[in-house]
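Trainee: Got two chains here, separate frames each, mind docking them using the hints?
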Amino acid sequence: MASLNLSNIGPIYRREVRSYFNSPVAYVVIVVFLAIIGWFFTSNLFLLNVASMRVVFELVPLVFLFFIPAVTMRLLAEEKKSGTLELLTTKPVQDAEIIIGKFLAAWTLLAAALAPTLVYVITLEALGSPDIGPILAGYLGLLLMGGVYIAVGLFASSLTENQIVAFIVGFLIVLAFYLADKVLIYVPSGLAPVLEFLAIDYHFSNIARGVIDSRNIIYFGSVLGFALMLATASLQRRKW
Amino acid sequence: MSIAVRNLVKRYGDTPAIDDITFDVKTGEILGFLGPNGAGKTTTMKIITCYMPPSSGSVEVDGLDIAERSLEVRRKIGYLPEMNPLYFDMNVLDYLEYSAQLHALRGGAVQQRMKEMVHVCGLEDVRHKDIGELSKGYRQRVGLAQAMIHDPEVLILDEPTSGLDPNQIVEIRNLIKQLGRAKTVVLSTHILSEVQATCDRVLIIHEGKIVADGTPAQLQQDFQGADTITLELRAPGVDPLRDVAPKLRAIAYVSGVSLLDGADATCRFEIHAEKGNDVREGLFRIAVSEGWIVLEMHRRVTTLEEVFHKLTTG
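Protein chains in written order, with the numbering used here: chain A, -8 to 231; chain B, 36 to 349.
No lab work stands behind these hints, which were simulated from the structure alone.
Think about it this way: if two alpha-carbon atoms lie no more than 25 Å apart in a straight line, the pair counts; the simulated PhoX-like pairs of lysine-lysine are: (1) Lys72/A x Lys171/B; (2) Lys230/A x Lys72/A; (3) Lys244/B x Lys230/A; (4) Lys150/B x Lys164/B; (5) Lys72/A x Lys164/B; (6) Lys71/A x Lys111/B; (7) Lys218/B x Lys61/B; (8) Lys111/B x Lys212/B; (9) Lys230/A x Lys111/B.
Per the computed footprint, the stretches of chain B lying under chain A, defined by three or more beta-carbons under 8 Å from a beta-carbon of chain A, are: (10) 81 to 89; (11) 97 to 111; (12) 119 to 132; (13) 136 to 149.
A virtual CB, placed ideally from N, CA and C, is assigned to each residue, including glycine.
Bound-form chain B, shown alone (with noise of 0.2 Å):
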């Protein structure tokens, strides 16, 4: 189950919330969006779910164009609002079966999804409850649940775990991740972690444009620059500025070697690599063969915090 998302623009007034986007979601994938508040996350997924036309541009739902096909693509898809919205006077089971039937199942199935959905979200407890009575994170359970009553072969989860706390997120974060393998499953976040531990795609967005688009560990290499490594050493009777440091700059491709601080014989240095180059075989070879001691080897690697950082910012 595909989604085709082409040259999509949606205008509030004169400004563009979404500017021009175009991705594709493959069969299976799990597609975090990523932005900052505002960057048109939520506009994109409401145009997805059939909420709200764009302005211009097509989306397709497994081939089935949201405009012309809306219920057949609704039937599609399960959808799981920002904020998370309930009816706080109806019960669990209540607000499932009312789910379900929307849905248009009937009869048996209707129980049998019920009974399925509270056991996979780990509703038992709280089954006969009102909804207004329930933690926030029983809450967002019930959301995905009712997103998932119909078995849809699309998740489209606009920041599942906004508001939970740890444990709950690493919990929903499992429940989406075991989904996800036999569903398409979009999300949103603004939790980088999240991408990290849940998406196979990462999609980056800025002022309703696309600015990235890759998976985690990709978005991480394009966007590591030169080598940063800290190196640690015990080298007992010798001046670490006068000594260590001209021999570590002598390594090839080393571009600059700072002290950080120097007592007792021990001694931190920050050494600059040229671009693409790893320096730190050059580093432990040189200490072995002068005898020093390694303490601490450290290269520091671009977070997707700093990648995030660098694209919506400036």
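So that you can see chain A by itself, here it is in the shape it has in the complex (with noise of 0.2 Å):
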């Protein structure tokens, strides 16, 4: 395969972005996102009295799981329906540079629905004195449980022209991985570790407690960089 073309993907990044925020889908999800997130963490912090992130990284990633599917669900399901796959797959355009520019775009919204809850940072650092670190660490764990998630969210759309069947896929398959270490005491003692280590979750919570080991963030990149070489892969099918 000849090598990545960056100046192929800007032009997909860009139109996808556009297409998000020209249609009420950025705004809704990002809407009904803070709202959500919103909700727990002021009654955390009024009822408890506790100058805290900790709920909202406990949150985020549970909401995610329906949130991100849903951004992701018609990247590519929405294209194979009308045919304008067809148009782009004839381009002088990589495939791989199809799937990176919609992921990166994907990024982006996703970011840019984290982004106000930086508001709560700031008022804790007024109302408390929160450890920094643990906090900074927790976005970028955020945004890398996001980034996998939404890799997940592109192969699922990718294998379908229905949204809703690539939505419920997605959601699935990274349920699957939130739930790996949540169901260690029904396996047996030798797949534990694996599970353990196979969990989202597990990785996430290491990095939100300010620890950035690199084993995780090898985790999350191979996770991410596996299931976009899926993708890839899935649109290639028509030349099987």
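Mentor: Printed below as a string of structure tokens:
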């Protein structure tokens, strides 16, 4: 395969971002996301009187489970259905460039949804004195985790031209990643460490504690990369 | 910019969609791809445009193999797929800009080509509208504009006039003809008059095989059977059946004469000639010498429709 061309990714990325923000999708998703997070954050802050982002970092991975497959479901399924994918893949653009452009666009939307929650951090800094290190690490963890979910969602979207199917498949896969370390008591003890290492929450909570270990970063990077490769391969299924 | 298609086969499961197709398209030629629905026109085009690979066989565009030099081939081709898929949520200019950028145009070249395409395809009035709001005719023009945005040497157009009204069809045809002078164009259609109006050469494919290849005129000639001539005469005071018909019959190469109708001294005959012979001159001379007045003489020509029908049925 020839090397990737950044100047091909750019137009695809920009079209996708524009398509998110020119339609209600981005705004609905961001508002719902912020409403859920905000409610838990404020009730925690005022009722328990704790100046901590802990509840946010516990809740967001759960919200991502629904939120991200909903954001990614249309990325390829819609183009398949409308036929524009045929047009796109007959342009002098590589399949991997299409996947990466769309991935980065969804990641941008994710960052745009997370950005307003920084207001909570500022509020906490004003009211108490939380440790800023773990908070920043937590945000990094959320972006990495969200990246993995997006890559998986993109793969799910590449499988079908039905957006609902793409949503459900994407949701089930990320759910499996999320639940992997929550079912440890049910599995043979030999399997437990394997499942734990596969579990996305395990790696995320390590990072959210403020410990940025290369093992966790490698985990996120490799799962993300693998999902994007699968999505690319799935796009090339037309050639089989 | 030539296209060479060699022994192309594409199977979906066990059924072949195209079965050993070989043809060339010369630079500057407008080739019409004709065939009933499901004959393999779209499949062939999808292979040439690198959307999917053939099961076997090869295609070269300007000497570049589509499998090995896919990106380079795609740079040279402008493609309008069947059904003309478009992003309905984009406006015309944004979409053209996007298409131009995907073809690696940059900076001033993008704006200049966009301007040209808007002008050539008559999109001035709608350039700021969302594509979803446009009529079918305008959408088709947008589809053509994106296909030509990078000034490709080869245009592959899959049913460029489908779903358009007669006026729009004429417009799009003229556009293709005008552009086709400098480019190599392959267009598919199942509208026969379109081929006659726009194409230099016709390929008729049926059930995945090429069944005819030539200029529209050539095909008509090849499939032209024996002449059938309709003759209408005014011959007062003679009986058409007893006096006229035998004299017509006596002309060289006439193989049959039948009276269609005869009343009030005008009569219509259908005259069959032996294959390859023109009997019109003989008919005229006898009419003159007998003092009959020729009201109508018409030689029926095999139409492309008939050629098509013959080749693609039974």
